[in-house]
Amino acid sequence: MSNFVAGVFGSSPVGRLEEHANLVHKCARTLTDFFAAVSELDWDAAQQARDQITSLENEADEVKKQIRKHLPRSLFMPVPRQDLLELLLVQDKIANRSKDVSGIVIGRRLEIPPPLIASFLDFVSRCVDATKQARKSVRELDELYTSGFRGAEADLVIEMIEKLDSIETETDDLEAQLRSELFLLEKDLNPVDVIFLYQTIGKLGEVADMAERVGRRLELLLAR
Amino acid sequence: MDAVLIYIGLAAIFGIFMAWGIGANDVANAMATSVGSKALTIKQAILVAAIFEFLGAVLAGGEVTSTIRKGIVDTSLLDSQPELLIYGMLAALLSAGTWLLIASAKGWPVSTTHSIVGAIVGFAAVGIGMDAVQWGKVGGIVASWVISPLTAGFIAFLIYNSVISLILSREDPLARARRYVPVYIFLAAFTKTLVTILKGLKHVGLTLSIQQRYLLAGGIAVAISIGGALYIRRIQPDPKADKKQHFHTVERVFAVLMVVTACGMAFAHGSNDVANAIGPLAAVIAVAQSGVVAAKSATPIWVLLLGGVGIVIGLATYGVRVIATVGEKITHLTPSRGFAAELAAATTIVIASGTGIPISTTHTLVGAVLGVGLARGIDAIDLGVVKRIFVSWVVTIPAGAVLAILFFTIFRYTLP
Chain F
1 MSNFVAGVFG SSPVGRLEEH ANLVHKCART LTDFFAAVSE LDWDAAQQAR DQITSLENEA
61 DEVKKQIRKH LPRSLFMPVP RQDLLELLLV QDKIANRSKD VSGIVIGRRL EIPPPLIASF
121 LDFVSRCVDA TKQARKSVRE LDELYTSGFR GAEADLVIEM IEKLDSIETE TDDLEAQLRS
181 ELFLLEKDLN PVDVIFLYQT IGKLGEVADM AERVGRRLEL LLAR
Chain P
1 MDAVLIYIGL AAIFGIFMAW GIGANDVANA MATSVGSKAL TIKQAILVAA IFEFLGAVLA
61 GGEVTSTIRK GIVDTSLLDS QPELLIYGML AALLSAGTWL LIASAKGWPV STTHSIVGAI
121 VGFAAVGIGM DAVQWGKVGG IVASWVISPL TAGFIAFLIY NSVISLILSR EDPLARARRY
181 VPVYIFLAAF TKTLVTILKG LKHVGLTLSI QQRYLLAGGI AVAISIGGAL YIRRIQPDPK
241 ADKKQHFHTV ERVFAVLMVV TACGMAFAHG SNDVANAIGP LAAVIAVAQS GVVAAKSATP
301 IWVLLLGGVG IVIGLATYGV RVIATVGEKI THLTPSRGFA AELAAATTIV IASGTGIPIS
361 TTHTLVGAVL GVGLARGIDA IDLGVVKRIF VSWVVTIPAG AVLAILFFTI FRYTLP
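Sequence lines, in order, name chains F and P. Note that the numbering used here has the first sequence beginning at 1, numbered continuously upward. Note that the numbering used here has the second sequence beginning at 1, numbered continuously upward.
Bear in mind the hints are in silico, worked out from the structure with no lab data behind them. Certain hints may be false.
What the hints assert, rightly or not - Here are the simulated DMTMM-like cross-link-like pairs (lysine to aspartate or glutamate), alpha carbons at most 20 Å apart as the crow flies: (1) P/Lys240 with F/Glu59; (2) P/Lys244 with F/Asp122; (3) P/Lys38 with F/Glu143; (4) P/Lys240 with F/Glu140; (5) P/Lys243 with F/Asp122; (6) P/Lys240 with F/Glu18; (7) P/Lys244 with F/Asp51; (8) P/Lys243 with F/Asp172; (9) P/Lys244 with F/Asp155; (10) P/Lys243 with F/Asp155.
Claimed, not checked - Away from chain P, derived, C-beta distances all over 10 Å, residues of chain F: (11) Val14; (12) Ser147; (13) Thr169.
To be verified - So the derived list for chain P, only partly shown, Cβ under 7 Å to chain F, looks like this: (14) Asn29; (15) Phe247; (16) Val320; (17) Val322; (18) Ala324; (19) Arg376.
Ideal placement from N, C-alpha and C gives every residue a C-beta, glycine not left out.
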């Protein structure tokens, strides 16, 4: 027997969106372990981290599908369905990029040149900080819904997004620095490795980029 | 003598059947919002429903009962054949009960009130004659079915917006909730006690001047509000839970308010919907005992009791499952949002009860929920249901009418 009063209520996307944010951050966070292992040339540990990233990415995909499945067009929501779906999409790309970047490195047993290791790991950890801040902001969704997307709670989220932006700017600076350090070393390295190192740095930058875009999407929800 | 017993016996059985159906569905729907938002456990909800449904029916249900009894059919045409009214009311009860059973099994958003009004109109128009229906009144009732969900939605929209502006969007929502929630408790208690005092004291035989009535209602509401405020003061913040969900403690304050609005909702429901089962029953008893139609007798108290008992049995046997189903589905209806819907719906219903208009409590509650949704209060609302409610409006009246005509004809040729 179905009950129509229960039918009035669609399934809320909020909890699942927060769960998804959590998964993609965990996925990105595993990059820290991954690159720590790579820098020590411990390929077994790297493979383990890579497997974990892949499985977290799969989990996030599953949650993404669930969210889409429960957002039919007939729903009336405080925020447009499209905005929520786009938030979900950029959020999901954090996991995708994490998987891509670990794939490139593990596939080629790509070694990080020893003089670069310190700045490289710094860069990775700052990118992960960005995804952590993105997760923190998305975890406020529940409270945003409760407070009608206005007032003190909205201000709090805006502050969080500003912090996210500044973290992302730092990752940009770190990325530029890393590229220039690599440029100084590149003539002594295997040219193919160099190409892939640049690609790896670029993909890592994109992880932080996607985190920042999560902030942009949240901002759009608030702007209405 | 035998015939009288048969009539009253049948009416009582059908009346209980109808009351059972109301308890199993309508009451369950009305209470589910409180259970879903975890302001009440299922057991508490049944207790609240049992007490306040009954109070609502006895203290504020008189007007609607009298509309169902004698406001739809023009009984002056039946002076020569009082038994027609008996057959008709029996048929109306049985057909509305049957239709509700079918509809609940299929999950259609059908209203008890629509079914019984459709059934009464059906037997009167076909069994007695088109003139026997007070079309003006029926028109007013049908119009109220559209107006009541809209009104409840509008009130809910205003209430929820005020909650956001005054409490939820502020820096210090907890302190503000402690300050303002007693005001909402006052509003919830005042509307219900006022209607009760304006409309219900007649039965008790108390006569007060208008000012005295307002003062009495205000006094009772203030007392309830102070009680609520004292209880709220004892709620301690839970820092751990608040870190996870900033509004955790705030919602616990609103949960106190929601206990009050849940009582109000049960009261409002009792004041309007119990009449659907009791009205026809009372009509049958009055005619069967006196042998005349124009009996001005009041509804006997045992009839009200029967209605109340039937509802509680329906709630306890089948409604529990409905509450659990609905409650599970609406977990994102937190007390701060749920109370707004309940307060708006209960206020609308109680005003209708005071005016003697039988409306659909469930549709009014859905209207109120949509109002909270329009105020951006509900995470996701499935508008498909609204379409189905419209369809049920169109289908229920003819369905109730056709079944009533069928039963009416059967009774007419088989009963003494």
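For lysine 243 of chain P and aspartate 122 of chain F, compute the direct alpha-carbon distance and say whether it is at most 20 Å. violated, 30 Å
Have a go at the valine 320 of chain P hint: is there a Cβ in chain F nearer than 7 Å to its own Cβ? violated, 13 Å
Using the nearest Cβ pair, does asparagine 29 of chain P come within less than 7 Å of chain F? Holds, about 4 Å.
20 Å Cα cutoff - pair lysine 240 of chain P, glutamate 59 of chain F: Violated, because 28 Å separates the two Cα atoms, which is more than 20 Å.
Taking C-beta pairs only, is serine 147 of chain F more than 10 Å away from all of chain P? violated, 4 Å
Hint consistency between lysine 244 of chain P and aspartate 122 of chain F [alpha-carbon to alpha-carbon, up to 20 Å]: Between lysine 244 of chain P and aspartate 122 of chain F the Cα gap is close to 30 Å, so the pair fails against 20 Å, i.e. violated.
Per the CB criterion, is phenylalanine 247 of chain P less than 7 Å away from chain F? Because about 5 Å separates phenylalanine 247 of chain P from the closest Cβ in chain F, which is inside the 7 Å limit, the hint holds.
Under the criterion that the straight-line Cα-Cα distance not exceed 20 Å, is the pair lysine 244 of chain P, aspartate 155 of chain F satisfied? Distance of about 18 Å is within 20 Å: holds.
Status of valine 14 of chain F, Cβ more than 10 Å from any chain P Cβ: Its Cβ does come within 10 Å of chain P, the nearest being 6 Å, so this is violated.
Quick check on the hint: alanine 324 of chain P CB to chain F CB, less than 7 Å? violated, 10 Å
So, valine 322 of chain P near chain F? Judge it on the closest CB pair being under 7 Å. holds, 6 Å
Between lysine 240 of chain P and glutamate 140 of chain F, does the CA-CA distance stay at or below 20 Å? Judged against 20 Å, a Cα distance of about 16 Å means the pair holds.
Checked against the numbered hints above, the structure violates hints 1, 2, 5, 7, 8, 11, 12, 16, 18; every other hint is satisfied.
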